[in-house]
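S.K.: Each chain, written out:
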Amino acid sequence: MELRLLSSPVLAQLNSGVLVIDSDFRIQYLNAFIERHANVSLAAVRHQSLFRVFADLPEAWLKRKLMSVLDLKTPAFSSYEQRQYIFKLPHLRPVTSSSAYMAQNCTMFLLEQQLMDKPLICILIEDATDAFVYQQHLNDTLHQLEIANRQDGLTKVYNRRYWEEQLQHELLRAQRYQHPLSLLLFDLDKFKDLNDRYGHLGGDFVLVELAAFIRTLLRDSDVFGRYGGEEFGIILPETPLSGAMEVAQRICAAVANYSMLFHQQTIRVTLSMGVCQFDSHVHTRHDAFIRDADVALYQAKRNGRNQAVAMPLSGVIAKTP
Amino acid sequence: MSQLTFTEDQRDALQEIINIAMGLASDKLARFLNTFVYLQVPAIALVAASDIPEEFAKRYQDQESALVSQGFFGNEGVRGEAIVLYRMENAHKIAALLGYDVNDSSEMEMLTDISAILTTTFLNGLAEQIANSLSYNAPRVLSSRQTDVIIGLRNTSCQWAHALKVDISYQLVDHSFNCDMVLLIPGEAVVHLQHILDRLLDHY
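Chains as they are written, first to last, in my numbering: chain A, 548 to 868; chain B, 299 to 502.
Accuracy of the hints is not assured; some may be wrong.
Partial chain A-side listing against chain B, Cβ under 10 angstroms, derived [to be verified]:
#	residue
1	F601
2	T621
3	A623
4	Q629
5	C653
6	H810
7	Q811
The calculated EDC-like cross-link candidates involving lysine to aspartate or glutamate, where the alpha carbons are at most 16 angstroms apart (straight line), are [as the list claims (entries may be wrong)]:
#	chain 1	residue 1	chain 2	residue 2
8	B	K356	B	D478
9	A	K620	B	D325
10	B	K391	B	E407
11	B	K463	B	D325
12	A	K703	A	D618
13	A	K620	B	E407
14	B	K326	A	D618
15	B	K391	B	D472
16	A	K635	A	D687
The following label-pair restraints were derived from C-beta to C-beta distances [as the list claims (entries may be wrong)]:
#	chain 1	residue 1	chain 2	residue 2	range
17	B	K391	A	H594	56 to 62 angstroms
18	B	A355	A	R708	26 to 32 angstroms
19	A	H594	B	G397	27 to 33 angstroms
20	A	K703	B	A355	34 to 40 angstroms
21	A	N696	B	R385	43 to 49 angstroms
Hints listed in this document are in silico derivations from the structure and should not be mistaken for laboratory results. The model shown is predicted, which means the values in this text are computed figures rather than measured ones. Glycine included, each C-beta is placed from N, C-alpha and C at the ideal position.
All chains, full assembly: derive it from the sequences and hints.
M.R.: Pasting the structure below:
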């Protein structure tokens, strides 16, 4: 059997694009795949410049690739991962894919042939839309996982692990650039009573509502996390103790005036806050920093709750009766 | 397979073939990139696949690096994988090297481009020496983070016990750009390569 007779029907049915150009980048051949997707006919475009027929091509970029094929006699490649497509063609998943054009893996290579004196380059175009779509799904999922990995499931603020990591970063940054850094640690007053009265669902409701409300009072650069149970922490970069106290008192007052409606019952809560400024001599580790803020928080409780207490830079809190 | 060794003749012939391929490749590259390509004599060794991940880890310790892999296969059972390793600090020099507009192409695209050029020019030269011809798949960025690479290599190395490893360093003088290429030919393909070498040796 004449093998050559097989090649043209196979080329016509092939689900990949086959395009042949000469060294002047003039089209010598393109198969049915390209004819149909690009809505051109070989007879009409033969001997025309590739870049005239496909005006959307990244001309300078593609010419450089084609020159390397001609000069080095080695193949050149383009992957959808780096460049989604070379030829702007529609694809066969217009409904289920988010991309408008066919994602492509392309191979460009020199055609070995003795019959013609001028070299020919073959460009193979493979439809990689499916892989592209899967890759996008994967990336989206990874992105969601990354968010879930640092979020507290209930309150949607940062979880303890991530929050503490951020605190360590901020500590290093404050140390290196000699910038002020403050920490707020707070706790819901009498949370146990709240749980006893409204049940755990009521307690959870309050945590969620309050976290969302407090978030609206913060700057974008502040790092808000749930430290445990009803205890939260806020990292305030670029903020000295005086500024942190202002923030703390503002939050305390705003929360005390904030009422939440749970099953037709109005709930009001108050907070106790400990405020501390980072001191690189005392806080060699981030847990020492947290411990000092916790000391101040404990003092706020002893002072009668619903207030913020600052840990003075000397590290000693004046005793109040 | 565990008794995979080269005779002295086979080793000499292979080293010679690789040296010639190297010379052909560097000549082509120098012309194409318009710069002088400095080469060291490629080192060939038969290695246990299990040692490869550690070796990569050691070589690229404490450095942000990128790995680009390209598979190749030819007639008579010749096949393998070429891995080009870059230090990321070198990556931005590639744009200047290839004459790319930085806004036009991503760093990873430039890495795959230069990888394809480096590996295919060398391997085409090699194939020519043994009267073979090679096909290539598209180069793939394995990873731009070192830890991923080591884990990846650990996962793949169990598929073959021994491999022929060819180490080549490229250094482009004008651009103070350098990178390493490691050619890995898995055990079974090494046996095929030995048959080819024996046949070549018979001719002389």
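S.K.: Determine which of the earlier numbered hints do not hold for this structure and return their numbers in increasing order.
M.R.: Per hint list: 1, 6, 7, 11, 12, 13, 16, 17 and 21 violated.
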